[in-house]
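Peer 1: With chain A fixed as given, assemble chains B and C onto it according to the hints.
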Amino acid sequence: MILEEQILPYMQWLWSGGPGSIGALPRFLLIALGLGFLGLLLGFIVSAARHGILRGGDIVYRTITNGVRELWETSPRRVWALAQLAMKEAWRRRVVVALMVFFIILVFASWFLRTDHQDPAKLYISFVLTATTYLVLGIALLLSAFSLPADFKNKTIYTIVTKPVRAGEIVMGRTLGFTLVGTILLAIMGVSSYVFVNRSLDHTHEVDINSLKKVQDAAGEYIGQDGRTSLDANHRHEVELNTDGEGKAESNYGHYHQIVKRGDRSVVLGAEGIMRARVPRWGKLTFLDRQGVPKQRGISVGSEWTYRSFVDGNTQATAIWTFDDISPALNYDDGEVSGLPIGLIVRVFRTHKGVIGRGITGSIQVRNPETGLASEVIPFTALDAKIDERIIPQKLRGTDDKEYDLYKDFVSPNGQLEIRVQCLEGGQYFGFAQPDMYLRLPDASPVVNWLKVYASIWVQMVIVIAIGVTASTLLSGPVAMLFTVSFIVLGFFRPFFVGVAAGTEYGGGPVESFYRLITQKNIITKLDEGFTTSLIQGVDLVFRSLMLTMAQVLPDFAALSTVAFAALGFDVPADKVYQDLTMCLAYVIGLSVVGYFLLRTREVAR
Amino acid sequence: MSDDIVIQTRALGKVYRDFWGRQKVRALKPLDLEIQRGEVLGLLGPNGSGKTTTIKLILGLLFPTEGEALVFGKRATDVSKNERIGYLPEESYLYRFLNAEETLDFYGRLFDMSAETRKQRVDELIKMVGLDRARKRQLQEYSKGMTRRIGLAQALINNPELILLDEPTSGLDPIGTREMKDMILRLKEEGKTVVMCSHLLADVQDVCDRIAILHQGELKELGRVDTLLTVADVTQIRARNLTADCQNEIRQVIARHHGELMEMDNPSTTLEELFLSIVRDSEARPGRRANVEQTTSA
Amino acid sequence: MNENSSFHRKIIYVVLLAILLFPISQLGSPSTLEDKGGKLAQLRKEYELGQSDLGEIDPASETIRMATLGLRGIAVSMLWSKANEFKKKEDWTNFRATLEQLAKLQPYFISFWKYQAWNLTYNVSVELDDIRDRFAYVLRGINFLKEGTKYNRDNPHLLAELGWFIGNKIGRADEHVEYRRLFKADDDFQNSFHDGNPPPLEQRDNWLVSRGIYEQSISVVDDKKKSIGQKNPTTFFAAPAMSQINYAEAIEEDGVFQERARAAWRSAANLWRDYGNREMRSSRGSMIRLGDLTRWELEVRKLQSEFDALSMGVRAELVAEKRAKLPAATLAAMGVPENLRSEQQRNLVNEAATQMQISIEEIADRVAVNNPEKAGEASRLANRIADINDRIFLINNNRQVSNYEYWKTRTEFEQTADALRARELAYLGNQAFKEDADLLQARKLFEESFDLWAKVFEAFPTLDLDSTTGSDLMEYVEDYTKILQQLDLSLGDEEVDQRFPLWDVVIANDNERKYFDAITEHNRRLGLNAEGTGPLVEAPAEESTTQEAPAKQSPKNEQPAAEAPAQE
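Protein chains in written order, with my numbering: chain A, 1 to 606; chain B, 1 to 298; chain C, 1 to 568.
Derived DSBU-like pairs (lysine-lysine); straight-line CA-CA distance at most 30 Å: (1) Lys224(C) <-> Lys104(C); (2) Lys225(C) <-> Lys408(C); (3) Lys88(C) <-> Lys521(A); (4) Lys24(B) <-> Lys153(A).
Quick caveat, the hints were computed from the structure, so don't treat them as lab data. Note that the coordinates shown come from a computational prediction; the quantities given were computed from them, not determined experimentally.
This is chain A alone, in the form it adopts within the complex (with noise of 0.2 Å):
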């Protein structure tokens, strides 16, 4: 699981934010305030010129005071009447031809779906999921923005507000209407997308009798056979068979089979472990270097993407993880092993080819971050890139040899455990960024994690829902369309759209860019210095700014979606379905705030 940005608790995120941030609530006042404050100084402006300062003044205050007197007045009665009519509208404007789309995609998905993948559950997933999410922000997108705009076109809009209706009910009907169409929409599409995946990657094998070999153990016994299964679906499995026939065809394609005897046959079932859901729980990383002093990160090994960071073989670089809240709770016993699952990503980056054909190996190591006690090295062989699911035993040596168990001696009383990770080969480096180490919990429900992915879809929706309709209270159709249009497209290269505006993108600002672009300069050359380029700079500092202000109110929509987790087979941690959801309802609340005065300063009749 990549993990690019932390997701923090959602009290923390709420509050007081991440490091270098603040809280999205405290966030979400400033920016609520200096919009109002803008707002307000647009209208006075506005209105000052139109009727001159004294009574542009008045009005201004009259519009205020309105607005929150009728805020109380808002009756939930007439809201649900305008949702339930956007919703016939929807029906009539023949929304269900999204859902018939949505299906010709799932059908005609086999043909640039290939399952020869490595990880074809990876790719399905994000393929229905992504689909989703395009279609349903699309429709989403058509329903919003051109609603408003037919009203006043058809002028029907005249037999609403001659009637007791807040401006704020017609936005707010608006958006709650056609979030219900989108809803019952992404409802039916997620129970369908469900089952396609489920469905598509369904298959089973035969066993290979021809590939099978006798296993006998040290003692020379006969044990088992050790084989292989046929090639269906662009990929085979291997298999063990006990004595009676009976075994698993070995994960592959990230999926296993139960074999089991029918009649005098071994009989492959079904595919399980498709759709998984993890539960991982990350802890913090940090670095020793090679002399042993901690550092916040490893080393580069100059790869342009810095999300992990790397230590090198046989010296002293290690990675540390901290985990909090450890307790025997969590601990795993099947019987056979017992003690703290964990997951492990390894990244693998080797200066020399090593011998071919072998894994580099490293070392695991626990620590009590408070009395130092550590335990003796477990070691490993790295699989690049893969997730290794492993279990540290409950029952440990220390370095002095002596016996310990992992909960009562190398947990700090304040609940915390170090794991420690080395590379153990000179010259060769094990990569990690934070998420690359986490303690296993119990897998979730895939049904669950499903659902909080189209919650996640559902919650981008909602927001483009909120903005069309604002948008459309002041714009026409298209214009209030291609509003949104740009919002979202904005809103999904967000960190490029925020780098551009903060100057950390090479080839500066928008000017710059289109000045590069004509003149055919690369993005790293440097512009002569003169006038010209004073000029271009000039200008761009202004749309930078005025880029940076916009930043601060676009949705971060790749950041929203959660398709990523459910492709990797990962839980949605539900800290970020909450704030998810939270930063919904502030969008939602915003855009209806705009909206309402959008649409209240509106003169209808024009």
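Peer 2: For chains B and C alone, coordinates are given in the frame of chain A:
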């Protein structure tokens, strides 16, 4: 301000501007108008004279450039005044995908009416405007007259005290027109205030207490219909069953008093009257060609 | 009037439409079985631009391209940048999925297939740690390229690239021993790659498969008259033979000798001969055969002698004339012995030498002046000689490019019993040393092998000492010295020195001066100076191993040349 004044405009004016704020059209020159409770006021004038603009300003659909309009003592931009207002727009701008019941129910809910009240009221109104048989049909299948009627029904859903009608008879056949006029008179009887605008003079004449004549955004004339239309130096005599002799005698009497006889003949009825009597006749005896050759006043 | 004119206008439009329809139908009517269609259809046929001419028609690809509604360029650019992002973030599954989408969008863009297949086979595979995963990505790149050849059936470049991947990536990577083994053993791949007809096990060698594909790419050029574009024909046409040579080398590395190795080398020799006899377009446009060098050299010698006979004394006459024209200073300079000339004098002499070069045309012109009756003959001969010299120059150049001479000799001598046995002995010696740790036996086997090698060098005197063969032998020598070390001996010891027959090879190839001490010792024994710059041993020629493998084409870096993604 007295409770009896329902609408009051003070120097109400509207200027349409273009995008750059330049003055384009002066749609309404400062207008002072007071409308009393229970009154039927007709706004008269040719197309583009500012009638509709006035109504939209009163409703708050437009914002005044100068002056203000007060409805029930509240500013026109105040939404809560709408509780007591019914409005029938120039064309019935309704949701064509709803049927009559749904439409009325929807507007009823916008008045925050409870379900029972709504049901009762919807039923009442549908019967009143005579759409009982078409209550489940979508509005897009309605004829112009039916649309107009459902439009009127939605305007009355809240049993309003003030009713604003924009060209209430436009596009209606003579029967529809008459029914509309009867409806207005009935509303008047119920003590409601009605403001209507029209360019069909006959309609206004029949139902209005007062009329205001607008031309090029300016109020030209305002007063009671009877006063306005009385021609002081002309006397009209209408009599029944006069013989030719009697008529001659009357001529002589007039001549003797140095009066000028302007007209004495058998009056022709209005086409409207004729049409209505034909329809009544055909309804009474369906399938026969109407036989109304000579009309006598009944 | 108004109505009338509008009616007239409509009539004019209709007539104009009808007139326009005529050329459109002429240009655009589609071809049918009976009719060859309009001009466009004919042109399309002529340049083979119809999709059915290019390769397989894929309904999925067609649909997707239609579905982009003319925004294909944008979609393609977005997908390329997505692919780059996935590559950066090491998300190989999505990287491949993106490539597949791109493949549907731009299936006829050759550089796309080449670039991204290269990415998979060369760049992605090395990012993985497990050798099986690595190999899986090598195969994925190969399969991807194969997919490209389905869309572009008759594209020699893609086929050649495929041959290169299968040959060189599998056969030359650091992991080539495992890769070659995995390649042979992968039934599933063999099955799908050969469309359900996998060749028998011994034919599954990656070099043989690669040779087959190279032959396919050549047959496309020969039979379907496809252009090889900017590719150098000298290297392009050498590819199958080089694959066969690599095959022979590779099986010897695997320990296969005697008849099978001989057969492999024989086949390589035949292919190399065929290659020599192939007519190829030279850089100047004329057609040449690499194998024709001797023939043209004989021809030119014969013509030259005819010409000399015809122009007897003319050259001397011209030399004398030119010499007479030289300034006194120059003449004086020429009088000074070479090693005593000053800088200035040397320059003067060099200048004079250039001036005094006499071309064959000049002689022919003079013959025409002196003996007008011989003019025609002289000019004809002169032209012919110039022509053939030109040809010889080109052939020589191209022979150098493909290292023609070396491989010709190599394929011949490797077939000899001595060479085969020598290689086998070295292999056995190595095995005895590494697996059985039988030092004495190993030493004996190596020494026998070296003796045979000496015989091979004797039999093939044209074989360069510092060629690939030389470096092959150096590996044996290295193994040998390791054995000696274990026996507390060294190459410089007198006992070993006397016995060792390949001193020339060692001296010619010791660039890293590993054997400096041994060579010094050896030279001392022969009575030469320590530097080894004695009469017997020439200074080592400059080493340039790259020239010896023509199939390597232009050296490729890990990142293929960036090509604009958007357009075909």
